[in-house]
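Chemist: This is what each chain is made of:
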Amino acid sequence: MKNIVEARNLEKHYGDFKALDGVDLSIPPGSISGLIGPNGAGKTTTLKALIGLCDVEGELTVAGKDPRDARHKLMEEVCFIADVGILPKWLRGNQLIDYVEAVHPRFDRARAEKFLSTTEIPPRKRIKELSKGMVTQLHLAIVMAIDVQLLVLDEPTLGLDIIYRKEFYDRLLNDFYDGNRTIIISTHQVEEIETLLSHLIFINKGKIVLDAQMAELETLYTEVIVEPEHLAAADALNPIYIRDLLGKKAYTYEAVPRAQLEPFGETGTPSVADLFVAKMKEGKHE
Amino acid sequence: MNSLALNQFLALLYREVLENRNLFIGAPAVLAVLLFVFTAWIVSMAPEQELATAIEYLSVIFDGLSPVDMASIFMIPAIPFMMMLYFCGLIYLLNALYQDRKDMSVFFWQSMPVSNAKTVLSKVVTIGLVAPVFYVAILFVVYLIAVLWLTLLGFSYGVQVAGLGYMFLAAVASLALVYLSAFVTSLWLLPSVGWLLLFSAFAKRTPILWAAGVFILIGFLEDFIFGSQYLANWVESRSNPNQYFIYEFSDVTDRLLSYDMLFGVLVGSILLIGAIFMRRFID
Chain A
1 MKNIVEARNL
11 EKHYGDFKAL
21 DGVDLSIPPG
31 SISGLIGPNG
41 AGKTTTLKAL
51 IGLCDVEGEL
61 TVAGKDPRDA
71 RHKLMEEVCF
81 IADVGILPKW
91 LRGNQLIDYV
101 EAVHPRFDRA
111 RAEKFLSTTE
121 IPPRKRIKEL
131 SKGMVTQLHL
141 AIVMAIDVQL
151 LVLDEPTLGL
161 DIIYRKEFYD
171 RLLNDFYDGN
181 RTIIISTHQV
191 EEIETLLSHL
201 IFINKGKIVL
211 DAQMAELETL
221 YTEVIVEPEH
231 LAAADALNPI
241 YIRDLLGKKA
251 YTYEAVPRAQ
261 LEPFGETGTP
271 SVADLFVAKM
281 KEGKHE
Chain B
1 MNSLALNQFL
11 ALLYREVLEN
21 RNLFIGAPAV
31 LAVLLFVFTA
41 WIVSMAPEQE
51 LATAIEYLSV
61 IFDGLSPVDM
71 ASIFMIPAIP
81 FMMMLYFCGL
91 IYLLNALYQD
101 RKDMSVFFWQ
111 SMPVSNAKTV
121 LSKVVTIGLV
131 APVFYVAILF
141 VVYLIAVLWL
151 TLLGFSYGVQ
161 VAGLGYMFLA
171 AVASLALVYL
181 SAFVTSLWLL
191 PSVGWLLLFS
201 AFAKRTPILW
211 AAGVFILIGF
221 LEDFIFGSQY
231 LANWVESRSN
241 PNQYFIYEFS
251 DVTDRLLSYD
261 MLFGVLVGSI
271 LLIGAIFMRR
281 FID
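Residue numbers (the numbering used here), protein chains in the order written: chain A, 1 to 286; chain B, 1 to 283.
Hints are computed from structural coordinates only; laboratory data are not their basis. Watch out, some of these pointers could steer you wrong.
[Claimed, not checked] In silico BS3-like pairs for lysine-lysine, Cα to Cα no more than 25 Å straight-line:
id, chain 1, residue 1, chain 2, residue 2
1, B, LYS102, A, LYS132
2, A, LYS2, A, LYS89
3, A, LYS128, B, LYS204
4, A, LYS205, B, LYS118
5, A, LYS89, B, LYS204
6, A, LYS128, A, LYS89
7, A, LYS114, A, LYS125
8, A, LYS89, B, LYS118
[What the hints assert, rightly or not] Non-contacting residues of chain B with respect to chain A, defined by C-beta distances greater than 10 Å in every case (computed):
id, residue
9, ILE73
10, PHE140
11, VAL159
All of these numbers come straight from a predicted model, not from anything done at the bench. Backbone N, C-alpha and C define an ideal beta-carbon position, used for all residues, glycine too.
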């Protein structure tokens, strides 16, 4: 099946600064992909490029269209939530629903209202009077009621407390994701989405530094808590990252067979957060 | 236009009204209240004899005039409203493609399947056709009260000013002239509309400084390089306030079909295409 996102050699410059430096992406339909990177890594620029809000060089196709030429057509197939601040503050909730109903051919008003009825959002209140969590719920209610192929989320839970964050992702999985739709999430809060993801992408300094399926991580990466007597042998296998762990050293390896590492100590698959740190500091040791 | 395209466009216009209700409804409403307070204060201060003379003078002026003839006289109280409409229009256009980028809501608007061309066109239609509706509606209430008050005042002095029905028809005719003035002016000033929207879409901050600054710079460069002032003269030729008011229905066709008008519409359209292009990306 054709990938829903296909990008080749995307580049974006802001003066001398390279925001994107040869980004390649292939995201299959039905996947939940996490785009993870530190501040200024190029996450938001990448997501903005995917929905046609940012002019980039390179080949780019999203849902079969070039977002740079056909943003408004593409947005019939794609929904986007940036951080919580982007709904127009002067609108009321019911006016927002009226607007989306009028402009979006795939919006189901009854579904949005059903979703909102499970929240405490007063529909006639202006958005500026709602809490951050409520604004996110409102935006999610709109998005849930639109029948799209791809949902792009850029730091969607930024600034929310843990209850709203958990509810956001629960709703996303239970009410939006059906196995056919695709979700791309960019976030700093790696631990919260780790269990949702089927696909993991790390970006740093405008370059993709990891692009793998979650199922592949176990065979690609191993973390070993190395016993002191094996440190020299462990060093010889070129770990990508070494960190101190409870008085011992934890080594992270890429593409080294696990069986080869087992004699050095306790082995396991690094968590996404640990792998993220490892890839960001690849070659540097704590 | 299919029904989705029409619904989208109507929703865009509805958005403009909701977002700019202070400029389109609040401002003329406050002006109307101020006008009544001021008029009531003047009337209360005026000696009774002078008031009676003024009423009689009005009845003489209106005597023998048809409602359409009276309409241009009725337009006089509308002039401050029209000046306010043009001033609010300036503020509106400067913010039209800037404010949502400033408050980041542009990410929401651009996440909807609405083209940039439609968005920019909705701003032009709003200023040329929609905003004047609210000014005319508020003026209608002002005129209704004024006509009733003039009639009652006339009765109290034993003078028939012009007949209630005649004055009502004259008010309606003058409101039609107000609306036509606003519409024709929006076309006459389409180069300014396009220029303001272009810099509203372009500026990262203070679009008014960009719009004014670039214009002054181009004028200066023309003078410096070619020793001519074509741009300044052309703008000046379109800046006479009398061009912004239509007092006779017969003037409308002449104004719309003039060479100057069509050339201005062409220049304005090119600038609007520039604004649509500017709106494409948020970088």
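Chemist: Flag every earlier hint the structure violates by its number, smallest first.
Modeler: The structure breaks hints 2, 4; every other hint is satisfied.
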